[in-house]
Amino acid sequence: MRAITIPEPGGPDALVWAEVPDPEPGPGEVIVDVRASAVNRADLLQRQGHYPPPPGAPAYPGLECSGVVSAIGADVAGWEVGREVCALLAGGGYAERVAVPAGQLLAVPDGVDLVDAAALPEVACTVWSNVVRLAGLARGETLLVHGGGSGIGTFAVQLGAALGATVVVTARPAKHERLRGLGATHAIDYREQDFVEEVRRVTDGRGADVILDIMGASYLARNVAALATGGRLVVIGMQGGRKAELDLGALLAKRASVAATALRSRPLAEKAEIVAGVREQVWPLVAAGAVRPVVDRRLPMAEAAEAHRLVESNAHVGKVLLTV
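Under UniProt numbering, the first residue of the sequence shown carries the number 1, and numbering increases by one thereafter.
Hints are computed from structural coordinates only; laboratory data are not their basis.
Mixed in with the good hints there might be a few duds.
Using C-beta positions, here's what the derived DEER-type ranges look like [what the hints assert, rightly or not]: (1) Q193 to W79: 44 to 50 Å; (2) V81 to R206: 49 to 55 Å; (3) G164 to G241: 32 to 38 Å; (4) A77 to S218: 42 to 48 Å; (5) S265 to A221: 25 to 31 Å; (6) P7 to D110: 40 to 46 Å.
Computed from a predicted structure; not experimentally measured.
Just so it is clear, CB atoms sit at the ideal spot from N, CA and C, and this is done for glycine as well.
The whole structure should be built from the sequences, with the hints applied where relevant.
Now the structure itself:
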């Protein structure tokens, strides 16, 4: 088969579409003939040599895919050859075929195109596991989403709105109208406006109950300041750096909490549990049209370098897909 390889870490041109060995299904795995994968920030870091795949994962980038089951390994039940699926991966999505643990498979939701379904697994599992399962977002609360125009952001906006929360986003002004259309009540220009002041203004001084953050260090102090009493900050990215000073007094005064999580390195059992939760709680919302994949554009898999340039520019809204 062919896959996107990284002979040497570097810029987008380090991605090479090349012949590689075909995968074989191990016990508990199925082979998926890939129709599409999606570009995630983790893929950019892997290309640069900063985020190697976990032990046992394919060397190729790609944390999610959609496609058709073409082979089934031992000890797999409930899936059959020919089934249209999408999947959460530890790697290997930038390829024509990939071996997937059966616990990380999801049926393509009703009403969703097979290619567009590649935009769902990573964001659905990330957002649900952090915003709902960990932070416990409840109806009537306020959710602040940083990076609202990203794949994670566009999904979080929709899920928060579908769950009855007031959703506030930070994003470039060119993306504000689109994000309001997805369910954001308020949009903040993070380059020109102080998001702490804006969040306090739109919540009558209360602050945000849940904050989903991709920035890390550079936003830590301001995120704590933007939290409501009893608020929960969940950090899932470090685009703004790794280290910052945390004012524990401010956190104690608000009886607030800070958590940081990663999905890719979790054990198979934990990933399967998250996928099961998404299947039960999120997929009905997708099938009903309350939450949909947001796709900026599709590019052929061989043009992965161009897709990486686009994501690095932050000009996109939603997911950039790579098609086979």
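Hint check results:
1. A C-beta distance of roughly 48 Å is found between Q193 and W79, which places it inside the suggested range of 44 to 50 Å.
2. In this structure, V81 and R206 meet the distance hint of 49 to 55 Å, their C-beta atoms being roughly 53 Å apart.
3. Distance hint check for G164 and G241: the Cβ-Cβ separation is about 34 Å, which falls inside the suggested range of 32 to 38 Å.
4. For A77 and S218, the Cβ-Cβ distance of about 47 Å falls inside the hinted range of 42 to 48 Å, so the restraint holds.
5. The given range of 25 to 31 Å is respected by S265 and A221, whose C-beta atoms sit roughly 27 Å from each other.
6. A hinted range of 40 to 46 Å for the beta carbons of P7 and D110 is consistent with their spacing of about 41 Å.
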